[in-house]
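Here's the letter readout for the chains.
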Amino acid sequence: MTRTFIKRLSSILFCTGLISILFSCSPINRLDGYLHLRLAYNPTTLDPAFIVDVSGGSIAAKLFNGLVRLDNNLDITPDIAERWEVSDEGTLYVFHLKRGVVFSNGREVVSSDFSNSFKRILDPKGRSPNTWVFDKILGANAYMAGNADDITGIETPDSHTLKIRLEKPFSPFLHLLTMTAAYVVPHEVYSSSENDFGFHPVGTGPFVLERWRQNSELLLKKNKAYFGTEANIAGIVYRIIPEDMTALAEFEIGNIDAVNIPASEYSAYLGSPTWNRHIITGSALNTYYLGFNCSRPPFDNVSLRKAVAYSIDREKILEGFFEKRGTLAKGPVPDILRTWDQDIVYKYDPEAAGTILEEPGLQNITINFYITAEQEVADISEIIQYYLKKTGFNVKIKQLEWSAYKAALNNGEADMFWISWWADYPDAENFLFPLFHSSNHGAGGNRTRYTNSTADRMITSGQTELNAKKRANYYMTAEKIIIEELPLLPFWHKKEFLLIQPSLRAFVTFPVYTMDKGTEVAF
Amino acid sequence: MTGYVARKLILLVPLLLGITFITFLLTKALPGEPVYSMVGERASPETIDKLRKEIGSDKGTISQYAGYLNLILHGELGRSYYTNRKVSEEIMIKLPNTMKLAAGAMFIAVPVGILLGFLSAVRKNRFADRLISVLSIAGLSVPVFWSGLMLMLFFSLYLKWLPPSGTGDIRYMVLPAVTLALPSVSSFARITRTAVLETGLMPFVRTATAKGISKTRIYAVHIMKNALLPVVTVVGLDLGSYLNGAVLTETIFGWDGMGRFIMEGIIKRDYPVIMGCIITGTIVFVLINLVVDIAYSFIDPRVRINGTDR
Numbered sequence: 011m012t013r014t015f016i017k018r019l020s021s022i023l024f025c026t027g028l029i030s031i032l033f034s035c036s037p038i039n040r041l042d043g044y045l046h047l048r049l050a051y052n053p054t055t056l057d058p059a060f061i062v063d064v065s066g067g068s069i070a071a072k073l074f075n076g077l078v079r080l081d082n083n084l085d086i087t088p089d090i091a092e093r094w095e096v097s098d099e100g101t102l103y104v105f106h107l108k109r110g111v112v113f114s115n116g117r118e119v120v121s122s123d124f125s126n127s128f129k130r131i132l133d134p135k136g137r138s139p140n141t142w143v144f145d146k147i148l149g150a151n152a153y154m155a156g157n158a159d160d161i162t163g164i165e166t167p168d169s170h171t172l173k174i175r176l177e178k179p180f181s182p183f184l185h186l187l188t189m190t191a192a193y194v195v196p197h198e199v200y201s202s203s204e205n206d207f208g209f210h211p212v213g214t215g216p217f218v219l220e221r222w223r224q225n226s227e228l229l230l231k232k233n234k235a236y237f238g239t240e241a242n243i244a245g246i247v248y249r250i251i252p253e254d255m256t257a258l259a260e261f262e263i264g265n266i267d268a269v270n271i272p273a274s275e276y277s278a279y280l281g282s283p284t285w286n287r288h289i290i291t292g293s294a295l296n297t298y299y300l301g302f303n304c305s306r307p308p309f310d311n312v313s314l315r316k317a318v319a320y321s322i323d324r325e326k327i328l329e330g331f332f333e334k335r336g337t338l339a340k341g342p343v344p345d346i347l348r349t350w351d352q353d354i355v356y357k358y359d360p361e362a363a364g365t366i367l368e369e370p371g372l373q374n375i376t377i378n379f380y381i382t383a384e385q386e387v388a389d390i391s392e393i394i395q396y397y398l399k400k401t402g403f404n405v406k407i408k409q410l411e412w413s414a415y416k417a418a419l420n421n422g423e424a425d426m427f428w429i430s431w432w433a434d435y436p437d438a439e440n441f442l443f444p445l446f447h448s449s450n451h452g453a454g455g456n457r458t459r460y461t462n463s464t465a466d467r468m469i470t471s472g473q474t475e476l477n478a479k480k481r482a483n484y485y486m487t488a489e490k491i492i493i494e495e496l497p498l499l500p501f502w503h504k505k506e507f508l509l510i511q512p513s514l515r516a517f518v519t520f521p522v523y524t525m526d527k528g529t530e531v532a533f
Numbered sequence: 030m031t032g033y034v035a036r037k038l039i040l041l042v043p044l045l046l047g048i049t050f051i052t053f054l055l056t057k058a059l060p061g062e063p064v065y066s067m068v069g070e071r072a073s074p075e076t077i078d079k080l081r082k083e084i085g086s087d088k089g090t091i092s093q094y095a096g097y098l099n100l101i102l103h104g105e106l107g108r109s110y111y112t113n114r115k116v117s118e119e120i121m122i123k124l125p126n127t128m129k130l131a132a133g134a135m136f137i138a139v140p141v142g143i144l145l146g147f148l149s150a151v152r153k154n155r156f157a158d159r160l161i162s163v164l165s166i167a168g169l170s171v172p173v174f175w176s177g178l179m180l181m182l183f184f185s186l187y188l189k190w191l192p193p194s195g196t197g198d199i200r201y202m203v204l205p206a207v208t209l210a211l212p213s214v215s216s217f218a219r220i221t222r223t224a225v226l227e228t229g230l231m232p233f234v235r236t237a238t239a240k241g242i243s244k245t246r247i248y249a250v251h252i253m254k255n256a257l258l259p260v261v262t263v264v265g266l267d268l269g270s271y272l273n274g275a276v277l278t279e280t281i282f283g284w285d286g287m288g289r290f291i292m293e294g295i296i297k298r299d300y301p302v303i304m305g306c307i308i309t310g311t312i313v314f315v316l317i318n319l320v321v322d323i324a325y326s327f328i329d330p331r332v333r334i335n336g337t338d339r
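Line by line, the protein sequences give chains A and B.
212 is the number that this note's numbering gives to position 202 of the first sequence; each next residue is one higher, with no gaps.
282 is the number that this note's numbering gives to position 253 of the second sequence; each next residue is one higher, with no gaps.
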């Protein structure tokens, strides 16, 4: 009797449990009024002083503000600074701050917040990797080296005025101030929780961090006290989904509102009658290139670099394999930032390559070609290998995962490598100086180890020149020298392709992630 | 039994020393340096040197290992190079998630696998046996990333029953647990079948049949109990590997567990994370083996755990 009763009770409980699970099951996982986006990786930190990844930077743009920011035309526009003056010699910047701008803890932003935020990055005891953003300020290097107690170039004459004096003119300085590292943070919060600020950030942005479940999701809520244009949405949910196919499944059932289309799925969505109307595209400031190690044989020879360039049909690869997901690069500087004329050079010409390779000492060349472990890169490298083999090169591909790859490149181990450069700010200087100036060999960005004193001079002259026309001339001369000497063969400037939900309005992609404050998008 | 357990736990110390030393040497032998990933682009050589000193990568490998052991002796597993968060705290978040997933997978794999194996043995060389054999081979051969995506496609996209990814309640656990369980179901079924068939040939089964005991009782009580020993061994091994993190399953379904944690640690060369996960994994594996050994003595009283006459 008892056994039968227990059996029956168990059966009823089991069935009830199963039915309730089935009824409660739904694939929908979203909050009303919130924009749902996907991140491929968990951001390392949300502390602007330490952010080096795009995931962290794009979220920080919604949580923090700087003195100035970029508008939709890539021009500098006021952010927390109401206005500013630049001295004639271009070394003194005086910023007048808006009144009533408050951190999400309710305290008003004053000029000392900016000076403290900048000093924190340059702190000799700190470990910020972003010191290069502020090392142009007068006295910054002495402070970083521990030879000075303060930075002489930063002054706060009153609570809403900030003076920054540079060691010498630096024309893109305002652009540097649009970067993540230049966001203002409240001193009293980060100093009381140095290790924790990156996980519980307090800023002035249009959103505040509500919760962060590591490796799962971040929830940003609209900041009602935001001083700028109020967001049209209740908040943003960032779902951390490492796998592309999973992200697409989440998008198709409506859990994600916008998602980058992975290369392998691009043609499928383009041909889909359901989704092709919901693909949006945007230009990004990047250059994908084939780099040559110019510091040692075989690529210390300019002719050999040109032979490689003539051997590869970049246009065909872009149109065929890359499905026109970018524009053919005329040079290392993206077309959007180039204010001078530049034609496409080194068009596919295997005969010209063959002629060069007839020169003495240029036969049977073996190239160690380093690439990362991504499938798309592996495919591109095999196409490049095919073209180079046709003209007589012997190409050995060495595939490394990112950390090992970066170390190998920085140490100059590769003969040839495939990599890209993405802009931090929209200025030609951001491509020319890190990629080609001889002071940046290795980790600084110049992985081709290219050295040309004239190009160096032109780039540094462009940095200090305040007249836009003259500056463009310096950059133009530098780019022409670089294209002629070809330390790298620029392939294309990749475009962004996103799928967006039909319910989404005014969703746009931005060429630089710091531009996206999340205030324009609406349902 | 207490002596046996104590001895096993004491043996854990030299085991951990050996494993941490080998892992440390292997991770250091890998190409790549964490500093380059930590600083992003455009870092100055001074910043790179400063960070190298701070994380101790400017010292020799042995000196670094000694430093790490010193840290462990103080009850610490270090901090992640990237997030500066305590590895032990991160593990305390991720290990329960992995345990939940492993329990879910075992909850499916053990009964289904044993049942299928038993059915296969009882219906030897019949249609059911052949079908189960084919399915078992398929379950073992199909890669997890494929079966995971197929399950997601069917149950999330078409049927719209379950969320495709995330870490959370039972709704989020079903698909990764089933994916993780599939190969185990197959291996449990095959091992159960073999064990049941082998046990069926034992003299005590003939004796029981001669005594007129019903076939159902012979299978359910006499054969099944004796056939369970090899199954328990495999269950222990599979559970141990689940608890060390199912990298592919956790990645596909965005499950925040140990597998993803150690994978990211390896990719970024985050040595404290790698070491912390390896130490945790070793402890978990040893403990599970201990539990399996103890389970033997309950299943088969002939197995004695006293440390000498096993």
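Since the hints were made in silico from the structure, they are not lab data.
Check each hint, because a few of them may be wrong.
[What the hints assert, rightly or not] With a cut-off of at most 27 Å between alpha-carbon atoms, the simulated DSS-like pairs for lysine-lysine come out as follows: (1) K82/B / K135/A; (2) K240/B / K146/A; (3) K254/B / K135/A; (4) K129/A / K82/B; (5) K135/A / K357/A; (6) K135/A / K240/B; (7) K254/B / K406/A; (8) K505/A / K340/A; (9) K135/A / K334/A; (10) K254/B / K240/B; (11) K240/B / K408/A; (12) K340/A / K146/A.
Here is what the structure says about each hint:
Distance check on the hinted pair: K82/B and K135/A sit about 12 Å apart at the alpha-carbon level, within 27 Å; holds. Between the alpha carbons of K240/B and K146/A the distance comes to roughly 96 Å, so the proposed pair goes past 27 Å and is violated. For a cut-off of 27 Å, the pair hint linking K254/B to K135/A is broken: about 65 Å separates their Cα positions. The straight-line distance between the Cα atoms of K129/A and K82/B is roughly 22 Å, inside the 27 Å bound, and the hint therefore holds.
Using a Cα cut-off of 27 Å, the hinted pair K135/A and K357/A is violated, with the two alpha carbons roughly 51 Å apart. Only pairs whose Cα atoms come within 27 Å are accepted, and K135/A paired with K240/B is rejected, the gap being roughly 84 Å. For the hint linking K254/B to K406/A, the alpha-carbon distance of about 59 Å lies beyond 27 Å, and the restraint is violated. About 15 Å separates the Cα atoms of K505/A and K340/A, which keeps this hinted pair within 27 Å; it holds.
Between K135/A and K334/A the CA atoms are separated by roughly 48 Å; this puts the pair beyond 27 Å, and the hint is violated. For the proposed pair K254/B and K240/B, the alpha carbon gap of about 19 Å is at most 27 Å, so the pair holds. Restraint check for K240/B and K408/A: not satisfied, since their Cα atoms lie roughly 71 Å apart, outside the 27 Å limit. Among the hinted pairs, K340/A with K146/A is inconsistent with the structure: their alpha-carbon atoms are about 31 Å apart, more than 27 Å.
The structure fails hints 2, 3, 5, 6, 7, 9, 11, 12 (numbered hints given earlier, in ascending order).
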